[in-house]
Each structure stands twice: as C-alpha cells, then as structure tokens.
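Asks: Starting from the known structure of chain U, arrange chain F on it as the hints suggest.
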Amino acid sequence: MEIQHVNLKLHLEHSGVVDLEPLIPIFHDWVREQSCEETLVDVADYRHVPAGPGILLIGHEADFSLDWSDDRLGVRYNRKARLGGRNHDRFRQALRSVLTTCRRLEEDGRLEGKLGFESRQFELGVNDRLLAPNNQETYASLSPEIDFFCGGLFGRNNYSVTHQADPRRRFSVLVQTPQPMDRSDLLEALSP
Amino acid sequence: MKTSNHLWKEWLAGKISEPLNREIDIFETEIDLRRQEKVDERVFAETRLRRGVYGQRYDNGQRHDGKVARSLEYPTTNPTKGPNTLWDAPGMQRIKIPYGGLNAAQLEVMAELAEEYSDGIAHVTTRQDFQLHYVHMEDTPSLMRRLGAVGITTREACGNSVRNVTACPYSGVCPDEAFDVTPYAKALSRFLLGHPDCQNFGRKFKPAFSGCSQHACGLTSMHDLGAIAVTRRRNGVEVRGFELYVGGGLGAVPYQAKLFDDFLPPEQLLPTAQAIARVFARLGEKKNRARARIKFLVHDLGIEKFKALVLEERDRLPPDPRWKQYLDEALADAGEESLQADGDLSGSGSPEFQQWFKTNVRAQKQPGFVVATVTLPLGDISADQLRDLADIARRFTPDRVRTTVEQNVVLRWVRQGDLAELYQALESAQLARPGASNIVDVVACPGTDTCKLGISSSRGLAAELQRRLADKSAEMDQAIQDLHIKVSGCFNSCGQHHVADLGFYGVSRKVGGFAVPHFQVVLGGQWTQNAGSYGLPIVAIPSKNVPDVVSRLGERYVSDRVHGESFQDFVKRTGKLQVRKLLEDLAKVPGYETDNSYFSDWGDPREYSISDIGKGECAGEVVTAVEFDLAAAERQVFEAQVFAEGGNFRKAWETAYGAMLHAAKGLIKIEFLDIPDDRDEIVNQFRVRYFDTEKIFDPFAGPKFANYLFAAHRTLENGHTPESSRRLIEEAQLFVEACHGCFNRMGLTPNAATA
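Keeping their order, the protein sequence lines are chains U and F.
Read the first sequence against our numbering and you will find it ends at 505, with the numbers running on by one and no gaps.
Read the second sequence against our numbering and you will find it ends at 741, with the numbers running on by one and no gaps.
Okay, chain U solo, but in the shape it has when bound:
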C-alpha cells in the first residue's frame, strides 16, 4: 500500500492559552526568505475559529500550522505533493519537517521561549480517505511500515502505537515513547 499525503502533528508540551499572533510575522518572514524545503506561498490567520487550524503557513508541497484541532495546540505538517521513496521515507520526511519547524520556533526570540513541544508523542496520519480509510484494514496494512519507521528511530519495543479509530476522521495513530525523545538526536537520525 503506497501512502502519500502524510499528516503529522507534534503537540505543545503544556496546553493552555497561547497567543499565536507573534507567529504571523514569523511565518511571513519564512515566506519572504523561502526558508523551508517547500515553496511557501502565504500565511492564513484562523485564530477566530475555535479548535481550528490556528495560523497556517501555506506551501505548495505542504502546509505547516500551529493548529488547535482536537483542542490541543501543536505544529502540524500536511503533505500535499507526491513524494518519492517508500512509506517510511515519507514518514521520516514529515517528522523531520515538523521537528525542524519546532526547533526554529523555539529558537525565535519573538516567541520568548513560550512554545515548548512534547517529547514523548506525536500523531501520524494520512490525509487521504480513499487511499487510507480509517479502519482496521488500513491499520493492519500500515503497521509493519510504522513499526519499521518507529523501531528505526526509537529502538525495538521502545515505543507504542495506538490507532485513533474514529471512522469519520482521517486515518491516524498516536506514537508514544516512554522516555523523552532527544530532538537533536532525532533530527540527526532523520537527516537524508
């Protein structure tokens, strides 16, 4: 089963009220600098929508957002363009993009260090209901590749994968690790 359109979200460490306004000039700067692998197009402000996409950085190949969906703030990467390689390569690329984004946001002085990201879990999904309907068959089919991806990063038996099985939502799993992930180590392991 070939999977495209990987959708990956890394939550904020602490939930609570976070002012997203400083994100707007930061994302505009990223568009100006074209500082991601993807072609960046525009910034969309959806702060007025409760539990919505928050602030979106629209790209051609993928969108990035500081997203409130599920009532939990986090960085979401939504791959739109086709990507070569195997499924786990695409999982790796999505996680690398999210971690890089998190690191850049944490290091941006305009946010005054207010954003700290989860280091024990992330949500991994597929934004295509026809390729990957949210059911047991999809989960069973993708499990070996998710295991291959996670095992390579965290070590065998050092992570858990939980299928989030609401059939109306897109296919996704929650990947958790007992120990905090070291972001620098992960980024190094994920580098192409």
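Simulated from the structure, these hints should not be mistaken for lab results.
Since we're looking at a predicted model, the values are computed, not measured.
There's no promise every hint is true.
To be verified - So, partial list: chain U residues that the calculated Cβ filter (under 7 angstroms) puts toward chain F:
1) Pro338
2) Ser348
3) Thr352
4) Ala364
5) Lys393
6) Arg395
7) Ile459
8) Gln477
9) Arg481
Every residue gets a Cβ at the ideal spot worked out from N, C-alpha and C, and that includes glycine.
Replies: Quick look at chain F alone, frame taken from chain U:
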C-alpha cells in the same frame, strides 16, 4: 495533486447522476487538453469559472513581501490556468448551495473536502455558497465527484452564468412570510442550471427569493432577479404570487431593482425567468464588462420597455413541460411540517445560555418550534465543527440546515423543549457563540486574504472589530447591539457594505510616499426591507482607526438619538457634514517615523502595498500637488452628497461632475501644468494622456472608471433626477479612487509629481 484523484471516478460510479457525471468527465478532459495546451487559456479560464474554479491572490506567481515583489517558484509554469494565472498556484472552489439548504451527509462531505483539498476550513459566503480556499487545479474533478455523490454541483458557481439562487433562510417557518418560497427557489435553480438560454450572458446573473418585503433576509432589492412572496384574495380564496423585481445589484455603483410585476402567478415564474434570460443574453452588453450586468440594460431601456420585450419573448417561448413539472415536484417535496412539538420556550439557564437565547433563537410560526442560529466568525467553520454540526442537525432537526447571507447557519424545526440540550451540544462543538445578526456578527468578504481584487484587509478588520466588540457586547446599549457592520475589501461590495448600518470598503491612500490601507466609511444603508436603500461613502479612514470610528459613531448615536430613532434616521438627521466632522481627526495618518503601524494592514505585518511599484523612502510629510487636487476632488464628492441630502439634485450632480474634472485635471497637471480651466479641454487632455495610453485603466476594471467621466461629460445638459445625481456621486467617488490608483501606480516621487 492528490494521489487518489484517479480512483474517485471508479469509487463513486453509479452514485452521481448521469448528467452531472458526464459534465465532470468533460471538465476533466478539458483540464487534460489545457495541460497539453490544446485549449486557449482564456477559453479554459471561463470553462473552469463556470465550474466554480476561481483564481486566488498571488496566482500570477508574484507576491509582495512588504519590501519588494518576489516570484513564487512553482514547479510548473506552463500551461497557465488562464491569462496570467499559474497552473500550480492554489485557487478557490465555490460550491453552490441553492437557497442555502444542506443535509447532514452534505455537511460531512464538506468537512472531508475542507480537510483533504483545502486548509481545513469551509467558508460560508454572503450568497449562501460555500468556498474552499487553496485548492489545486488537479484536485477539482475529484472534489466535484464527491460533492456530486451527495447531490451538490459547482456548475455555474462563477463565470457569466446564473449564480446560486438564494432565499430567505427562514422560508417556511417565518411568522411574517406570505408563504414558503423554498420550493420556488428550488425549481428555478433546477430549471436555470445549464439552461441553453443562460449560456451567453455578458456577466453573471443572481436571483433571490424572499418570503416578505419587510425583513432583510432575501435582499431581493440588490439582485438581478428578486421575487417576494405575496398573496391576494380572489373570490374568497387566497392565491399566491410574486412581486418580481429586476435589475438590482451592488458592485461599484449600486442599483435598486425595479418592479417588473406586482403579482406574478407562480406558474409564470419559470417562463418569465427564461424570457428575462433570453432578453439579457440578446441585448445585454458583451464587450464592456463594466456595463454588462442586467441592471445597466434595465436602466438603459427603462423598466417599461424592458418588461414589454420580456413579455413579448415569453409569448414566443415554446411550451416547456418543466415549467410546471419542476414546481410540482418541488412543492411535493416540501415536507418538513410533519414533526410534533413539545416543551416550553424558556430562556432560563446559565447567563451564557441566556445571552445566546436572546440573540440566536427565534420562534417559528409553527407553535412549539424555534430556529437557532449558529454564528460562524467571518463565515468560517472547521472540518471538525462541520461534522459536529451534521450530528446536531440529525439529532435536533429534520436533517437540514441552511446557510445565511450573514455567513451563518440556521437550525430550523428545533423543538422548544430541546433548546437546553441543543445549546449544550453546540457549546461542546464550540458553536454556541452568541450575537447572531447583531453588531458583533460582522460580515466580511475574503478581501486581501485570498481575493485578487482586495485592496484592504476586510477579514483582518472584521476580526479585530469582532474581538473588540465581543469584549463589551453584553454591556452595550440595545440600539448599538442591533446595528449591522459589513466590510468589503474593495468597491465591488462582496461584503455588501452598501446595505449595512456601518459599511466599510477598502481603498488605498498615499501618505508621504507610502501606501496606507484605508476604508471608506459608508453610512445610511438599510438592511431591512430587503436591502431597502444604499449608503454612501462619507470619508476614507486609515484601517487602523476604523475601530475608533465604530466606537465614536456608536457613542454618538446612543447619546444623540431621539426616542426609537434608527441609525439610518440618526445619520440622516445629523447630516453627513456633521458626521464627517465627527470623524475628521481619525482620517489623519501620522508620519511613518512617528507610527509605522498605520502602514500595514490588520492581521498582516507586511508593509502595505497595492502594487510592485511606487515604493519609496519616507518623504516626511511632503504632499504633492496631485495629492492636493485629489483630496480636493474627494471633498467635492462629499459636498455633492450634502447637496443631494438637501434635495438640490442639480447642484449635487454638477458638484460631483466638478469633482471628476478636478481629479482629472490634477493628473493632467503632472504632464501639462498649464492646462486651462475649461471642461472640454480637461476631458480632451485626459482622454489623450490617460485614457488612450491606458494609464488610468484599473488593473482589474480596465477603463470602467474613466468612462464615468466621459459619460458625465456627454450628459451635462440633460435633466438630473435624484437617481442620476446619486449615481454620479457614486461614480465620481470611484473615479477619484481610480485617479488615486493611477497616481500610485505611476510611482512618482513628490518632486517628479509636482514638476
């Protein structure tokens, strides 16, 4: 772009009606042909528009980052999707929702499409449509198939076609309606969709229905075709009919629709609409897009001649069984009334519930039932909320919701006894926001967020107004709470600013060599009586001061109004001159070095720009001679309004015309300082120097605004009616705006401009 695009056709085989399926197949083929460059780009542009596939800001591959215009490097630069429109650039998909009616399954599909092809948000428009933004061209056939499988088409959502047929969202349940217009709206929508007589219009054609004349919900006065339900007694029996109006429209210069028939029998509705379409297609302007709406045809011919032509055409139409069949089928399908009511209507509960109950719940004409409004901020709803709304619709209504022209959703046929539970369900979906249809419920078009025509950030301003007003809405005087605010990003009025108590539309001004986002304040519009009258611009205010305009006008209204006086009457009694004086200080822009926040727009930190040129370093407070002339011209437009207000329409006309001459002369002086003060010479020089060279041409409207000057000059000696004076004032305002735009595009330094 989606990998699964090629699979949806097979997956949905048999689930889409055959005609719709064939249409989508054809569209997919047209996309392929365009990719091979076997179809002309202009033809393809109109083709996709007629399927609701619209362009979006930056789709020419250029984006100004606040300092300079930069190229967006898309992988595919050829072919284009239309003139100057890159293939890879994301666009907007408009989805027609006739009379705003949707069921739960359709809401769920909308949620899936928003997530999979767009940015996770579905946007309700001021014409009861849905829009999805940032959609890729290749995804549109799959998106259309998924909509088609639940009975929705995007056909003719854009382009020169019959647009969404709108209707009062309370049709069938409103205590004040003559009768339910829903079946008639449904039948007309079905009949005109893809009709051969509607394929050769010069511009779009928008129909609307209302169940009564006194409320705003149908907005029939501002539509190309408006039908208001009326009844008469004949031989002791109540019979139905329609007050039929034609030739209304907002846009740059708004027109009130004219009464075509005061009692059109329902069985004549479809053939009459068809005959109107034929006359419009045959006689409507085709070349000059600025005068191609039916309102110009009706105006030029006069309503009596137009009506005579339509009736003649109607007599000649070959009989069509669908005229009756579609009405019969729609009437037979109108069956929501079988529910049983129970429970009492009670606003007791938490303070939050009471506040919501007060603003968002209204009684139906059927005892025991209510309508509850789901207020959507800026018309936006997330995919998760759409799914929750679908659940709520199934649980509390007969599986139906309707969108509204105020960018909300209404739940009808809610049992009174279920209200508390409904509130809880809405609250858990974060959809229980109070303030429906009041001052907090600000309406805005997409503006500079995504629209190619946007001049100022209508959504940015609207969001800021909502934030500020929501904080204090509970303590506001009721008279303030009842006001309507509507914001458009430009003069085209998609935000319907003309019919708001407080309307705003985006313009730009140059201050010290920098462009500054502004909004024209439009006052005096009437929301009730189906958009009974239109407001006029008072003064341009920098965007960042507009919230203060709202506060100041609101405070003055509360302190000065006489008992029960409407805002519209208050503005009229106070006089535009006084109102303008009240706002005068807010029109000033501090220098860039004093406060540079004025030089960017709401929600967008980039230094404001309307083009790639004209950027200069701060030149302090130096004002060019041209800017003085343009400011003087603006002042004259305002004086013309004051004359019109006082009933001196001839003077109003002459002053508005004088304003146009003044602005034209200002531009001419850049090249020809000694231009004599002779109107023929000014018009002639303007034509040679700015029209023939196309310098005055608006980037999107072309020669439209310049032509206003020439038309006024030609009709100088004609009699001037209240209507023609009023129209010229509007045109003069737009002409002056065009001169500002022209001057901005010329990018002249103060020295050059005064040379």
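Asks: Look at each hint and say if it fits the structure.
Replies: Now for the hints, and whether the structure bears them out:
1. Hint on proline 338/U holds. Least Cβ distance to chain F is approximately 4 angstroms, under the 7 angstroms limit.
2. Because the beta carbon of serine 348/U sits about 12 angstroms from the nearest beta carbon in chain F, more than 7 angstroms, this interface hint is broken.
3. Hint status for threonine 352/U relative to chain F: holds, with the closest Cβ pair at about 6 angstroms, below 7 angstroms.
4. Because the smallest distance between the Cβ of alanine 364/U and any Cβ of chain F comes to about 6 angstroms, under 7 angstroms, the interface hint for this residue holds.
5. Among the interface hints, the one on lysine 393/U holds; its C-beta lies about 6 angstroms from the nearest C-beta in chain F, closer than the 7 angstroms criterion.
6. For arginine 395/U, the suggested interface contact is upheld, since its CB lies about 6 angstroms from the closest CB of chain F, less than 7 angstroms.
7. At its closest, the beta carbon of isoleucine 459/U sits 19 angstroms from a beta carbon of chain F; the interface hint therefore is violated under the 7 angstroms criterion.
8. Annotation: glutamine 477/U was flagged as interfacial toward chain F, and the flag is violated, the nearest CB pair being 13 angstroms apart, outside 7 angstroms.
9. Hint status for arginine 481/U relative to chain F: holds, with the closest Cβ pair at about 6 angstroms, below 7 angstroms.
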